[in-house]
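Undergrad: Take a look at the letters that make up each chain.
Protein chains: 2
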Amino acid sequence: MQVINLTEKFSRFTEQWTPKIAGELNGQYLKLAKLKGEFLWHSHDDEDELFMVIKGTLILDFRDRTETIREGEIIIVPKGIEHRPRTGDEEVHVMLFEPKSTKHTGEVEHQRTVKELEWV
Amino acid sequence: MQVINLTEKFSRFTEQWTPKIAGELNGQYLKLAKLKGEFLWHSHDDEDELFMVIKGTLILDFRDRTETIREGEIIIVPKGIEHRPRTGDEEVHVMLFEPKSTKHTGEVEHQRTVKELEWV
Chain A
1 MQVINLTEKF
11 SRFTEQWTPK
21 IAGELNGQYL
31 KLAKLKGEFL
41 WHSHDDEDEL
51 FMVIKGTLIL
61 DFRDRTETIR
71 EGEIIIVPKG
81 IEHRPRTGDE
91 EVHVMLFEPK
101 STKHTGEVEH
111 QRTVKELEWV
Chain B
1 MQVINLTEKF
11 SRFTEQWTPK
21 IAGELNGQYL
31 KLAKLKGEFL
41 WHSHDDEDEL
51 FMVIKGTLIL
61 DFRDRTETIR
71 EGEIIIVPKG
81 IEHRPRTGDE
91 EVHVMLFEPK
101 STKHTGEVEH
111 QRTVKELEWV
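Sequence lines, in order, name chains A and B. Numbering-wise, the working numbering puts 63 at position 63 of the first sequence, and it's gapless, one number per residue. Numbering-wise, the working numbering puts 44 at position 44 of the second sequence, and it's gapless, one number per residue.
None of these hints come from the bench; they were simulated from the model. Incorrect hints may have been included.
Identical chains share a label here; the pair holds if one copy fits it or two copies do between them.
List of simulated lysine-lysine pairs, BS3-like, C-alpha gap at most 27 Å [claimed, not checked]:
id	residue 1	residue 2
1	Lys100	Lys79
2	Lys36	Lys115
3	Lys100	Lys115
4	Lys9	Lys55
5	Lys9	Lys103
6	Lys100	Lys36
7	Lys115	Lys9
8	Lys55	Lys103
9	Lys36	Lys103
With these hints in hand, go ahead and build the complete structure from the sequences.
TA: Spelled out as structure tokens, the structure:
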């Protein structure tokens, strides 16, 4: 059991769109990711997904609207809802909370799909 | 699906040691609590518990040591581990993440046990 300092954790990696595992509880992972640019449209059949913005501004497109999530704000995307994360010109740091089974590209197999997540 | 702004959520209640539900996903609740003073020793038989400090400094006593968790830091307390949250003179704002079944006083029935948590 260790205190997790997010600033220190984010300083340990540079890859974008490659979530790192920072903690584990009750079958869920706490993940950290650096995002810049536009990700792919995807959904998760069985998992709700929480995004908390630690730095910058995250834009989440949905098929019927767009949400802007700022530093210190959180959004929970219910299972089955298609979404596309994207950013402006600045890198965005997010914390994710989701079941261990969740793939970051959802049901879509893509070159960006990371097979084995690493701990940070 | 709505963006959750923590500052705005914390402005909506004043009670201390009374977690409020701010979100729900995958059988887990995202909760917010204001803490000041000392809580009771307790543990959760079946639930790991995540604390993230949003404002102030949280002190967590364990039977064998004490951890200090500062703003932007996180600690995950594994199931079965006795802990006692406390603070200094300043009120502390924390975000909790734990299964919906979790009682904040753990296995201990106490006057501080809140029977029905409210949403904020």
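Undergrad: Which hint numbers does the structure go against, in order from smallest to largest?
TA: Nothing - there is no hint that the structure violates, so all of them hold.
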